[in-house]
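Novice: If you're matching them up, the sequences are chains C and G in order.
Remember, the numbering used here sits 1 above the position in the first sequence when you count from 1.
Remember, the numbering used here sits 102 above the position in the second sequence when you count from 1.
Please keep in mind that the hints were generated in silico from the structure rather than gathered at the bench.
Incorrect hints may appear among the rest.
Per the computed footprint, the stretches of chain C lying under chain G, defined by three or more beta-carbons under 8 Å from a beta-carbon of chain G, are [to be verified]:
#1 19–26
#2 58–71
#3 143–154
Each computed EDC-like pair below joins lysine to aspartate or glutamate, with the alpha-carbon atoms no more than 20 Å apart [said to hold, decoys possible]:
#4 Lys187(G) / Glu17(C)
#5 Lys276(G) / Glu215(G)
#6 Lys149(G) / Glu254(G)
#7 Lys169(G) / Asp73(C)
#8 Lys187(G) / Glu142(G)
#9 Lys149(G) / Glu180(G)
#10 Lys273(G) / Glu206(G)
#11 Lys149(G) / Glu17(C)
#12 Lys252(G) / Glu180(G)
#13 Lys30(C) / Asp140(G)
#14 Lys30(C) / Glu142(G)
#15 Lys169(G) / Glu5(C)
#16 Lys273(G) / Glu180(G)
#17 Lys187(G) / Asp164(G)
#18 Lys149(G) / Asp266(G)
#19 Lys187(G) / Asp216(G)
#20 Lys252(G) / Glu215(G)
#21 Lys169(G) / Asp204(G)
#22 Lys87(C) / Asp73(C)
#23 Lys72(C) / Glu51(C)
#24 Lys276(G) / Glu254(G)
#25 Lys187(G) / Glu247(G)
#26 Lys187(G) / Glu77(C)
#27 Lys169(G) / Glu8(C)
Counterexamples of contact, computed for chain G against chain C with all Cβ distances above 10 Å [to be verified]:
#28 Arg120
#29 Ile133
#30 Val144
#31 Arg161
#32 Ile213
#33 Gly264
Glycine included, every Cβ here is placed at the ideal spot set by N, Cα and C.
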Amino acid sequence: MVREVSESCMDSLLTEIVSSYCNRFYANKPELAARRIEAIGYQVGHQLSERYTIERPRFTDHLEAIKFICKDFWSELFKKQIDNLKTNHRDNKFRWLSRMSGDPSEISGAAQDPSTMSENKAAQATGMHLYFPCGIIRGALSTLGIPCAVSADISNLPACSFVVRIKV
Amino acid sequence: MAPAVPRSGDAIFANVERVNAELFTLTYGAIVRQLLTDLEEVEEVNKQLDQMGYNIGIRLIDEFLAKSNVTRCVDFRETAEVIAKVGFKMFLGVTASVTNWDSEGTSCSLILEDNPLVDFVELPDTCQGLYYCNILSGVVRGALEMVSMKTEVTWVRDMLRGDDAFELQVKLLKQVPEEYPYKDDE
């Protein structure tokens, strides 16, 4: 029996840490705040990846590892399916599409409430939250021997794309 | 229409969206670690964890009230029981127990023997003085403030410091009774 907590615990925690870094610790320094949030995600991704792969044989190639992160790892973590994995072998760029519209928090939450925030702020708040999953992905992949850079593309909300650029 | 019956912590927890606790535990650990790096002073980290907890608590109370069907607690005793059995359960998936009541019924302890925040956590020696779970004290304080109870919440026992349980003392400082603009019989 896997131990669980309410989703609202996780959401509240994330919302609050993003808010603390953006409005209190590094107010007016969004790049610094972003890096810290990403670093927190990285730590989580690193530790989770280590745990999940302890009993598995090493991955044969990058694609296998990415597929693992994309499927088992991701759905275990976020209970959502990644819809689409597009690879671009020439540029070593993988683009995932993750439909997060069913999730009341994180992504669509901020975007759906334009009355309280100006559109810019809403987009920024949404973007800040995403540094966390970007960090998780980067941390997990790095631990599997794939150094990379991960960014999120929210030009098509509520759909969210994570772009993974592998460092060669 | 019959009044809604308060729901049990188990029933609510079974019906909310839940996530893998490991993700939560690791995220909280990464947060504390990052705060220690960025804020450097253990006391400052304690303070910020409490503040974060407070900010979470003042919002979480809405979900609690909406899902638990708890209307008004008659007294602080009932409030404490509800926090321990329903509040903790519906969010953290664990129940707490309530003990150590003072004679006036305004101070008690919430005891947590099982705490998802600290699974697999060990504190290095460099963290002397850290209240790792301080976010919880803020959450309790914030939530209670939203239902007009001003409290002081402090740690009495901390398993990460070698104690055998987590014990939070909750002291009611002030209860502002709800004021209605009209008398009942008008």
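Novice: Please go over all the hints and tell whether each is borne out by the structure.
Specialist: How the hints compare with the structure:
1. 19–26: holds (count 4)
2. 58–71: It is violated, with 0 qualifying residues against the three required.
3. 143–154: Per the Cβ count (0), the hint is violated.
4. Lys187(G) / Glu17(C): violated, 25 Å
5. Lys276(G) / Glu215(G): Roughly 29 Å between the alpha carbons, so the hint for Lys276(G) and Glu215(G) is violated.
6. Lys149(G) / Glu254(G): Satisfied, since the Cα-Cα distance of roughly 14 Å is no more than 20 Å.
7. Lys169(G) / Asp73(C): Judged against 20 Å, a Cα distance of about 32 Å means the pair is violated.
8. Lys187(G) / Glu142(G): violated, 36 Å
9. Lys149(G) / Glu180(G): Roughly 29 Å between the alpha carbons, so the hint for Lys149(G) and Glu180(G) is violated.
10. Lys273(G) / Glu206(G): holds, 11 Å
11. Lys149(G) / Glu17(C): Holds, because 14 Å separates the two Cα atoms, which is no more than 20 Å.
12. Lys252(G) / Glu180(G): holds, 16 Å
13. Lys30(C) / Asp140(G): holds, 14 Å
14. Lys30(C) / Glu142(G): Judged against 20 Å, a Cα distance of about 19 Å means the pair holds.
15. Lys169(G) / Glu5(C): The hint holds at about 18 Å.
16. Lys273(G) / Glu180(G): Within the cut-off at roughly 14 Å; holds.
17. Lys187(G) / Asp164(G): holds, 17 Å
18. Lys149(G) / Asp266(G): violated, 24 Å
19. Lys187(G) / Asp216(G): Given pair Lys187(G), Asp216(G) holds - Cα atoms ~13 Å apart, limit 20 Å.
20. Lys252(G) / Glu215(G): Measuring from Cα to Cα gives roughly 26 Å; hence the hint is violated.
21. Lys169(G) / Asp204(G): violated, 30 Å
22. Lys87(C) / Asp73(C): holds, 17 Å
23. Lys72(C) / Glu51(C): holds, 16 Å
24. Lys276(G) / Glu254(G): Since the Cα atoms of Lys276(G) and Glu254(G) sit roughly 10 Å apart, the hinted pair holds (cutoff 20 Å).
25. Lys187(G) / Glu247(G): holds, 19 Å
26. Lys187(G) / Glu77(C): violated, 28 Å
27. Lys169(G) / Glu8(C): Judged against 20 Å, a Cα distance of about 14 Å means the pair holds.
28. Arg120: violated, 4 Å
29. Ile133: Given that some Cβ of chain C is not farther than 10 Å from that of Ile133(G), nearest at about 5 Å, it is violated.
30. Val144: holds, 16 Å
31. Arg161: violated, 7 Å
32. Ile213: Answer for Ile213(G): holds, closest chain C Cβ roughly 19 Å.
33. Gly264: holds, 23 Å
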